[in-house]
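Engineer: Just so you know, the protein sequences line up as chains A and B, in that order. Number 68 in my numbering belongs to position 68 of the first sequence; there are no gaps in the numbering. Number 2 in my numbering belongs to position 2 of the second sequence; there are no gaps in the numbering.
Treat the hints with care, as some may be off.
Claimed, not checked - Stretch-level coverage of chain B by chain A, calculated; a stretch enters the list once three of its residues show a Cβ under 8 Å from a Cβ in chain A:
no.: 1; segment: 54-67
no.: 2; segment: 71-83
no.: 3; segment: 87-94
no.: 4; segment: 98-104
no.: 5; segment: 111-119
Just so you know, the hints here were simulated from the structure itself, not pulled from any lab data. The model shown is predicted, which means the values in this text are computed figures rather than measured ones. Where a beta carbon is used, it is the ideal one built from N, C-alpha and C, also for glycine.
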Amino acid sequence: MEYVALQLFNGLVNGAFYALLSLGLAVIFGVLRVVNFAHGALYMLGAFAAYLLLQDFGVGFWVALIVAPIGIGIAGMVLERLLIRRLYGLDPLYNFLLTFGLTLMIQDGVRLRYGLQGQPYPAPAELAGSVSAGLVAYPTYRLFVIAFSIVVCVAVWYVIERTRLGMIVRAATERPELTRALGINVDRWVTPVFGFGVALAALGGVLAAPMRNVSPLMGSELIIFAFAVVVIGGMGSIAGAVVAGFLVGVLASLAAIFNPALENVIAFALMAVVLLVRPAGLFGSLEARS
Amino acid sequence: MPRTSGKPTPSPALEVDGLSARYGEAQALREVTLHVAQGELVTLVGRNGAGKTTLLRCVMGLHRESSGSIRLNGREISGLAAHERARAGLGYVPDDRGIFATLAVEENLTLPPIVANTRWPLARIYETFPVLRERRAHAGTKLSGGEQQMLSIARALRTGAGVLLLDEPTEGLAPVLVQRVAAMLQEAKREGTTVLLVEQNLRFATTVADRHYLLAQGQIVEALANQEVIARESELLRHLGV
Ligand SMILES: Nc1ncnc2c1ncn2[C@@H]1O[C@H](COP(=O)(O)OP(=O)(O)OP(=O)(O)O)[C@@H](O)[C@H]1O
Ligand SMILES: [Mg+2]
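Just chain A, same shape as in the assembly (with noise of 0.2 Å):
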């Protein structure tokens, strides 16, 4: 039973860098159209630049946890304006090479410099330990994650759904000529958006910093979950992307207590099946494609 609740909670954290990763390439590729396959290496830069800010400036991890997101963010909206818009209108293959190799070139270079293995980062003071939750003492830190990454996938939901900034986004995603035709300037929000996605990977990264090893091969494996994740919530849908990225974090951690094995393949024995009962996904099906 406690290991059942300590599944529970690990299957939370998970989920949780699931749903922020997943979150970031639903909103881009709802308004982009560009499934981002470097959003794994920018949330290995998001980590990377905690520890380097901690390094090399002495800047701890709640500064970092701001700072990292929005330097990275910016990173993000110079790489759309000088790369990724170029591909606009030609065939998706373009970007997935474009992306992809970016992803490569990003590794490689971080890997040059601080070789592959892992570095070590601290959590913060503040949440050092465990706290007693429940059945189990948990790690506070990671409790800290489970709350934090809700409160943010909330506040994003809250803004794509209750501001006019948000309406403008669900109806560019739903139909941009459409929503262009009605006199919004919808290329004036693809850049900000990009950068916006990419800050969330960052985000990530920075929460992932203090639990796993920060090295250069971190978003590796994480991105494919998050792409198996997308698929399942349906592409472009915002809450598809959080609750299936909690649903595939809770179901891999809870189908790891009967045999292991069964973690990695959760997530794509879903999407299998998804795609197979539900091919727009999980909530797709609300959002009309073009």
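Given the structure of chain A, go ahead and fit chain B with the ligands onto it with the hints provided.
Structural biologist: Structure of chain B with the ligands alone, referenced to chain A:
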């Protein structure tokens, strides 16, 4: 653009000159020239595939493979992006009504920015269509087809656009709703709005319009006064294949 009142109008509200459009190899519009005067309501009739929707999409800036001149109140707009044309005073009601499923009814109404003094603020729209007020928090596509059509037209009126482009607004509507659309268009016309209306329903066209253009295979083949359409109704109906 200031409205010219009293004095003779120097240029029509909408002028299309030598407009051609293609889909790859297929030519959809051939040197189309037409105009709609300030405050006029003109219909564009033609059988399926004649190019009516393509024409409206070209005017709106939604079709890239096109050439020719489009002037709005004398200003050349063919170089403008779609959103700039909307802001210059073009309102668009697409053939599929263009209601967003991910936007609530009220969001569907308020998505387009107001571009000029509007006679149709939200309050008046809700007064005219109480059902839109009742359902304002529901998803736009939860409305019935007729209600969605009212929503789409109301959305265009709310922006204060001086020229409305409507693509078959009566298609698939029950007669009582067709009458409501007619009443709405007549009201808009009284208020000085210019309308270019794509319409298959000749009866409806003659009740609301001042004049008509007949489009066939991407070309304007006739410009018709209202009386002519009424007199030649059966011949025209045969042409339209209705
Ligand atoms: N996306 C497209 N690709 C290729 N050809 C198209 C496309 N859309 C329309 N066409 C062709 O262009 C021509 C004009 O089509 P359009 O939709 O403008 O006609 P329409 O007059 O609006 O017809 P309807 O009364 O059926 O709405 C038709 O021959 C049609 O087959
Ligand atoms: Mg049509």
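Engineer: Indicate, hint by hint, whether the structure satisfies it.
Structural biologist: Against the structure, the hints come out as follows:
no., hint, result
1, 54-67, "holds (count 3)"
2, 71-83, "holds (count 3)"
3, 87-94, "holds (count 3)"
4, 98-104, "holds (count 5)"
5, 111-119, "holds (count 4)"
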